[in-house]
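Q: Listed below, chain by chain, are the residues.
There are 2 protein chains.
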Amino acid sequence: MARRTRQQVRKGLVIVNTGYGKGKTTAALGILMRSWGRDMRIGGVQFFKHEKASFGETKAMKRMGIELTPMGDGFTWTSRDLDETQAKALHGWEVAKQKIASGGYEVFLLDEFTYLMHFGWLDAGEVVAWLREHKPPTLHLIITGRDAPPALIEYADLVTEMKLIKHPYEDQGIKAQPGIEF
Amino acid sequence: MARRTRQQVRKGLVIVNTGYGKGKTTAALGILMRSWGRDMRIGGVQFFKHEKASFGETKAMKRMGIELTPMGDGFTWTSRDLDETQAKALHGWEVAKQKIASGGYEVFLLDEFTYLMHFGWLDAGEVVAWLREHKPPTLHLIITGRDAPPALIEYADLVTEMKLIKHPYEDQGIKAQPGIEF
Numbered sequence: 143m144a145r146r147t148r149q150q151v152r153k154g155l156v157i158v159n160t161g162y163g164k165g166k167t168t169a170a171l172g173i174l175m176r177s178w179g180r181d182m183r184i185g186g187v188q189f190f191k192h193e194k195a196s197f198g199e200t201k202a203m204k205r206m207g208i209e210l211t212p213m214g215d216g217f218t219w220t221s222r223d224l225d226e227t228q229a230k231a232l233h234g235w236e237v238a239k240q241k242i243a244s245g246g247y248e249v250f251l252l253d254e255f256t257y258l259m260h261f262g263w264l265d266a267g268e269v270v271a272w273l274r275e276h277k278p279p280t281l282h283l284i285i286t287g288r289d290a291p292p293a294l295i296e297y298a299d300l301v302t303e304m305k306l307i308k309h310p311y312e313d314q315g316i317k318a319q320p321g322i323e324f
Numbered sequence: 143m144a145r146r147t148r149q150q151v152r153k154g155l156v157i158v159n160t161g162y163g164k165g166k167t168t169a170a171l172g173i174l175m176r177s178w179g180r181d182m183r184i185g186g187v188q189f190f191k192h193e194k195a196s197f198g199e200t201k202a203m204k205r206m207g208i209e210l211t212p213m214g215d216g217f218t219w220t221s222r223d224l225d226e227t228q229a230k231a232l233h234g235w236e237v238a239k240q241k242i243a244s245g246g247y248e249v250f251l252l253d254e255f256t257y258l259m260h261f262g263w264l265d266a267g268e269v270v271a272w273l274r275e276h277k278p279p280t281l282h283l284i285i286t287g288r289d290a291p292p293a294l295i296e297y298a299d300l301v302t303e304m305k306l307i308k309h310p311y312e313d314q315g316i317k318a319q320p321g322i323e324f
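Chains A and B are the protein sequences, given in the same order. For the first sequence, my numbering gives the first residue as 143, with consecutive numbering after it. For the second sequence, my numbering gives the first residue as 143, with consecutive numbering after it.
Since the hints were made in silico from the structure, they are not lab data. Among the clues, some could well be false.
Sample of chain B residues with no beta-carbon within 10 angstroms of chain A, all distances over it, derived [to be verified]:
| id | residue |
| --- | --- |
| 1 | Lys153 |
| 2 | Leu171 |
| 3 | His192 |
| 4 | Thr211 |
| 5 | Glu226 |
| 6 | Gln228 |
| 7 | Ala229 |
| 8 | Glu236 |
| 9 | Lys239 |
| 10 | Gly245 |
| 11 | Gly262 |
| 12 | Asp265 |
| 13 | Glu268 |
| 14 | Lys277 |
| 15 | Ala298 |
| 16 | Phe324 |
Heads up, simulated DSBU-like pairs for lysine-lysine below, C-alpha to C-alpha not over 35 angstroms straight-line [stated by the list, open to error]:
| id | chain 1 | residue 1 | chain 2 | residue 2 |
| --- | --- | --- | --- | --- |
| 17 | B | Lys194 | A | Lys239 |
| 18 | A | Lys153 | B | Lys239 |
| 19 | A | Lys305 | A | Lys153 |
| 20 | A | Lys239 | B | Lys153 |
| 21 | B | Lys239 | A | Lys194 |
| 22 | A | Lys277 | A | Lys201 |
| 23 | A | Lys317 | A | Lys153 |
| 24 | B | Lys194 | B | Lys239 |
| 25 | B | Lys277 | A | Lys201 |
| 26 | A | Lys204 | B | Lys317 |
| 27 | B | Lys305 | A | Lys305 |
| 28 | B | Lys317 | B | Lys204 |
| 29 | B | Lys230 | A | Lys194 |
| 30 | A | Lys308 | A | Lys201 |
| 31 | A | Lys239 | B | Lys201 |
| 32 | B | Lys277 | B | Lys201 |
| 33 | B | Lys230 | B | Lys317 |
| 34 | B | Lys153 | A | Lys153 |
Since the structure is predicted, the reported quantities are computational estimates derived from the model, not experimental observations. Backbone N, C-alpha and C fix where the C-beta goes; we use that ideal spot for every residue, glycine too.
Kindly generate the complete structure, drawing on both the sequences and the hints.
A: In structure tokens:
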């Protein structure tokens, strides 16, 4: 009977990929690929990625007809002026909220979203309160980025930490490889 | 000058996604999506996945024209008779070796390959020795699965541990969600 109950529960999962290792975004992309294979309605916002950027995933998404919107100014860890970055990111969150609340999606990705909370641009408690109220119950929501705040982890159903064991940049002189890293 | 040298190194990475958390296979699929977006030649073998299985990724790969061959008998953690599983898996490795050595790919996935070594069906040292000799230098090779053996980690360029922080199956009564988990 317990087993039967388990089988019956069906809900939109809140999935968080965090940690300092690789694979947070690619694991999210892999989920999008799976749900695309099942003809689910997919959307997402890539924070920080430049709106004109053309990464491997941007090209792939376009070709697959998946709406994954880059809404950033191309921020990198070496950026100095964060005002523009912050404004674009917060605008991205407003756009994402409309899309999430619209009910038009079955799977939605907020890529690199944790930084908006970690940098103090958004309050994690308020984000979670908004999601509790407005996220459609069956919508699967995937959030990636380092330093996922405790309130988000508390709210999430599935949290994975990607942990670096060995990295070619640190150990060897290897450049980022197109198609693999971006 | 050191920086310039870094930029110039270009090689096929050996990427290992291991650990007991989620995201090992999906992160690999995300890399395949990126490289597909860049029109790279992609191949792979999914060990254990039943050859007739139709997962979200199977459907997606077929639609994308990516050759990702399921070569297994549908092994699960509750399987009892492993003879057939072992035979199919070892056959999968023979097929994979031919494909890898062929030079016909730029990115290749060995999904859930670590188990063949962890279960003692293959010797990790011999696998690595074979790869050192036969893997084309520019081929990116991605290997997933729990318990990656030390010889493989030693050989790999990039190793990430996917670590479980919170899981819906354990904490709540949630069933596996199509398009997300498979």
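Q: Taking the hints in turn, state whether each one holds.
A: Evaluated hints:
Not every C-beta of chain A lies more than 10 angstroms from that of B/Lys153, the closest at about 6 angstroms, which undercuts listing it as non-interface. Distance check for B/Leu171 against chain A: the nearest CB is about 3 angstroms away, which does not clear 10 angstroms, and the non-interface claim fails. Every beta carbon of chain A lies more than 10 angstroms from that of B/His192, the smallest distance being close to 16 angstroms; the non-interface claim holds. The Cβ of B/Thr211 sits about 16 angstroms from the closest Cβ of chain A, beyond the 10 angstroms cut-off, so the non-interface label holds.
No Cβ of chain A approaches the Cβ of B/Glu226 within 10 angstroms, the least distance being about 27 angstroms, so the stated non-interface status holds. Separation of B/Gln228 from chain A is adequate, the least Cβ-Cβ distance of about 27 angstroms exceeding the 10 angstroms criterion. At the 10 angstroms boundary, the C-beta of B/Ala229 stays outside the reach of chain A, the nearest C-beta of that chain being 28 angstroms off. With a cut of 10 angstroms on Cβ distances, B/Glu236 stays outside the contact zone with chain A, its closest approach being about 26 angstroms.
For B/Lys239, the condition that its CB be more than 10 angstroms from all CB atoms of chain A holds, with the nearest at approximately 22 angstroms. At roughly 17 angstroms from the closest C-beta of chain A, the C-beta of B/Gly245 stays outside 10 angstroms, upholding its exclusion from the interface. Chain A leaves B/Gly262 outside its interface by the beta-carbon criterion, the shortest separation being 23 angstroms against a cut-off of 10 angstroms. The Cβ of B/Asp265 sits about 21 angstroms from the closest Cβ of chain A, beyond the 10 angstroms cut-off, so the non-interface label holds.
For B/Glu268, the requirement that its beta carbon stay farther than 10 angstroms from each beta carbon of chain A is met, with the minimum near 21 angstroms. At roughly 15 angstroms from the closest C-beta of chain A, the C-beta of B/Lys277 stays outside 10 angstroms, upholding its exclusion from the interface. The beta carbon of B/Ala298 is not kept farther than 10 angstroms from every beta carbon of chain A, the shortest such distance being approximately 6 angstroms. A beta-carbon of chain A comes within 10 angstroms of the beta-carbon of B/Phe324; the shortest separation is about 7 angstroms.
Simply put, B/Lys194 and A/Lys239 have alpha-carbon atoms about 40 angstroms apart, too far for the 35 angstroms limit, and the pair is violated. At most 35 angstroms may separate the alpha-carbon atoms for a hinted pair to count; A/Lys153 and B/Lys239 exceed this at roughly 41 angstroms. The straight-line distance between the Cα atoms of A/Lys305 and A/Lys153 is roughly 28 angstroms, inside the 35 angstroms bound, and the hint therefore holds. Between the alpha carbons of A/Lys239 and B/Lys153 the distance comes to roughly 41 angstroms, so the proposed pair goes past 35 angstroms and is violated.
In summary, the hint linking B/Lys239 to A/Lys194 is not supported, as the alpha carbons are separated by about 40 angstroms, beyond the 35 angstroms threshold. Under the criterion of a C-alpha separation no larger than 35 angstroms, the hint pairing A/Lys277 with A/Lys201 is consistent with the structure, at around 28 angstroms. At roughly 41 angstroms between alpha-carbon atoms, A/Lys317 and A/Lys153 are farther apart than 35 angstroms, so this suggested pair is violated. Taking the CA atoms of B/Lys194 and B/Lys239, the gap is near 22 angstroms; set against the 35 angstroms cutoff, the hint holds.
For the suggested pair B/Lys277 and A/Lys201, the alpha carbons sit about 28 angstroms apart, so the restraint of at most 35 angstroms is met. Distance hint between A/Lys204 and B/Lys317 is fulfilled; the C-alpha atoms sit about 31 angstroms from each other, no more than 35 angstroms. Taken as a hint, the B/Lys305 and A/Lys305 pair is honoured in the structure, with Cα atoms around 7 angstroms apart against an allowance of 35 angstroms. For the hint pairing B/Lys317 with B/Lys204, the CA-to-CA distance comes to about 26 angstroms; that is within 35 angstroms, so the pair holds.
Between B/Lys230 and A/Lys194 the alpha-carbon distance is near 46 angstroms, which puts this suggested pair outside the 35 angstroms criterion. Between A/Lys308 and A/Lys201, the direct Cα distance comes to roughly 28 angstroms. Compliance with the 35 angstroms bound is thereby established for this hinted pair. Restraint check for A/Lys239 and B/Lys201: satisfied, since their Cα atoms lie roughly 30 angstroms apart, inside the 35 angstroms limit. A threshold of 35 angstroms between alpha carbons decides the hint, and for B/Lys277 with B/Lys201 the separation of about 28 angstroms falls inside it, so the pair holds.
Simply put, B/Lys230 and B/Lys317 have alpha-carbon atoms about 28 angstroms apart, close enough for the 35 angstroms limit, and the pair holds. Distance hint between B/Lys153 and A/Lys153 is unfulfilled; the C-alpha atoms sit about 43 angstroms from each other, more than 35 angstroms.
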